[in-house]
Amino acid sequence: MSKEKINDEDIIIRNYRTSDYQATLEILKELHKLYDIGLREEQWRESSGLRQFKPNLKRITLIAEFKPTGEVVSMGIIEGVKNTLGQYIGYLDNWATKKGFIGKHVGKLLADKAIQILQSWGCESVRINLPYEADNKLLNVFAKVGFQPILTVLEKRF
Amino acid sequence: MSDIFNGTVEKNPHEDLCVVYVLYFDEKKGQIPLLMYPDDRFRNNKRYMRPINFHPVWFLETEELDHIDLEYKGYAFFGKKFHAKSQRPKRRAGLEEDTPETIVIIVSLPVELEIFGDELIKELTEKLRNQFEDQLTEVIESGIASDAVIKTPKIQERIAKGNKIKVFMRELIDKEIRDYFSRVIEKRSESPSLKTQKAISYFSLKGFEFSPLSNLRGEGNFASVELFDSTIQKSEEIRTKSLFSIASINFIENSQEIEITVQNNSDKELKNLHITITHVKEYFEKEVMNQEVEFWFPQEELLFVSPIVPHIDEYLFSIKKGDGRGNIENKLSQRIDLKLINKITS
Numbered sequence: 005m006s007k008e009k010i011n012d013e014d015i016i017i018r019n020y021r022t023s024d025y026q027a028t029l030e031i032l033k034e035l036h037k038l039y040d041i042g043l044r045e046e047q048w049r050e051s052s053g054l055r056q057f058k059p060n061l062k063r064i065t066l067i068a069e070f071k072p073t074g075e076v077v078s079m080g081i082i083e084g085v086k087n088t089l090g091q092y093i094g095y096l097d098n099w100a101t102k103k104g105f106i107g108k109h110v111g112k113l114l115a116d117k118a119i120q121i122l123q124s125w126g127c128e129s130v131r132i133n134l135p136y137e138a139d140n141k142l143l144n145v146f147a148k149v150g151f152q153p154i155l156t157v158l159e160k161r162f
Numbered sequence: 239m240s241d242i243f244n245g246t247v248e249k250n251p252h253e254d255l256c257v258v259y260v261l262y263f264d265e266k267k268g269q270i271p272l273l274m275y276p277d278d279r280f281r282n283n284k285r286y287m288r289p290i291n292f293h294p295v296w297f298l299e300t301e302e303l304d305h306i307d308l309e310y311k312g313y314a315f316f317g318k319k320f321h322a323k324s325q326r327p328k329r330r331a332g333l334e335e336d337t338p339e340t341i342v343i344i345v346s347l348p349v350e351l352e353i354f355g356d357e358l359i360k361e362l363t364e365k366l367r368n369q370f371e372d373q374l375t376e377v378i379e380s381g382i383a384s385d386a387v388i389k390t391p392k393i394q395e396r397i398a399k400g401n402k403i404k405v406f407m408r409e410l411i412d413k414e415i416r417d418y419f420s421r422v423i424e425k426r427s428e429s430p431s432l433k434t435q436k437a438i439s440y441f442s443l444k445g446f447e448f449s450p451l452s453n454l455r456g457e458g459n460f461a462s463v464e465l466f467d468s469t470i471q472k473s474e475e476i477r478t479k480s481l482f483s484i485a486s487i488n489f490i491e492n493s494q495e496i497e498i499t500v501q502n503n504s505d506k507e508l509k510n511l512h513i514t515i516t517h518v519k520e521y522f523e524k525e526v527m528n529q530e531v532e533f534w535f536p537q538e539e540l541l542f543v544s545p546i547v548p549h550i551d552e553y554l555f556s557i558k559k560g561d562g563r564g565n566i567e568n569k570l571s572q573r574i575d576l577k578l579i580n581k582i583t584s
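Which chain is which? The protein sequence lines are A and B, in order. When you line the first sequence up against this note's numbering, it's residues 5 to 162, in that order. When you line the second sequence up against this note's numbering, it's residues 239 to 584, in that order.
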């Protein structure tokens, strides 16, 4: 596949369905191989990506589908969480695009839709968790759409 | 059936329906279970076996009597005795190798379901006899052989052979029970007597899912059992009434949460839905989850996750729909028993 942008009309942004399970698992595996996102296959189940309702949490897995082939080419999980300070924060998590579709504008289409949804939920701000060693190129891409680095998240694994 | 005793034995969901005992009379030890359905683990449990050992069927001299019943602590035990041919050497004086084996089949049902006992014991005995009568002696020999201290290859082979037959017997019992209940409930629900209504209420109370309108097919449910005429399933009128269906219910052990996947079966987007999960404590209904769903796409599956309350096993999941004018209509209610649902660790 060439490095050209994909037409917006060729991408459908929609909610996850259980039939997307295998495709999303493959994308998450690719992401995990690159950045060790802590993926455990048994924990990503068929129902994991469904629109989820839990006290103080809303979650949607957005899917970018390539219309001509019906292929799942990108995914991202958005969450609205009320934190202990009472702030309602939107998160973009596990944002990943299939190898052949990176740099073709698909991720941006997905992110635009995600931000729109989080705004409609009444979130005060949107946060993205990026790998600690994310390169400046990636930070600049997000800076262009208004995201500024504010926190560094540390993690201790048990 | 564990609730008839005060012990803390683990409960198999199918015990709510019936328990089948296949036993024989051992000339040295007395009444010995060959297999128990659905759970074989309590065959050596004296307390569990008590009503079986004292069942009057053991004292019958003849096969003439069709069957004999015993009611004990809320359960009806239907017993039937027959003789099967034998070739094993007996361990008691006066008995020959070909002295037939005494086989007893007991079916226990909650008294609410006793209406089904007569036919069930007859059908079950007939099928087991037809298919396994000649092999029962091998199952008995296998049971005796497994008590041997030293197990030679020949003994091991005998044990394995008996176990294999038992697997087939268990499969037959399982199939027969599913088919039987499916058939009789369907037949009897056409013009339910008081006893049938009592039985149907019992099924509902215990959470067995029979309606063809539901696609919940988890542990503890009899997929083939249908309370109603299955042709009704095809009726569009009925189908449109089933706005939601529960696709799965899981209990996540690590996080102590229940996870319910529900599908909007309609072809239109639904709005203003109220989802609640409640439990009853000391006569008061308490909410563990109260969630508004502003929109629900056609055919979309949603996942509802809620923490559970320690030591509470029964919950009620409900979906209500508001009409925008203050009226709320109940669209789905599903009782959830943590003991009966699928458990996952993460």
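Quick caveat, the hints were computed from the structure, so don't treat them as lab data. Fair warning: there could be bad hints in the mix.
Rough simulated footprint, nothing fancy, chain B against chain A, three-plus residues with beta-carbon under 8 Å [unchecked claim]:
1. 28-42
2. 56-63
Some chain B residues close to chain A (C-beta under 7 Å, calculated; not the full set) [what the hints assert, rightly or not]:
3. T499
4. Q529
5. F533
6. E539
7. L540
8. L541
9. I546
Glycine is no exception: its CB is placed at the ideal position from the N, C-alpha and C atoms.
The hints, checked one at a time:
| no. | hint | result |
| --- | --- | --- |
| 1 | 28-42 | violated (count 0) |
| 2 | 56-63 | holds (count 4) |
| 3 | T499 | holds (5 Å) |
| 4 | Q529 | holds (5 Å) |
| 5 | F533 | violated (10 Å) |
| 6 | E539 | holds (5 Å) |
| 7 | L540 | holds (5 Å) |
| 8 | L541 | holds (4 Å) |
| 9 | I546 | violated (12 Å) |
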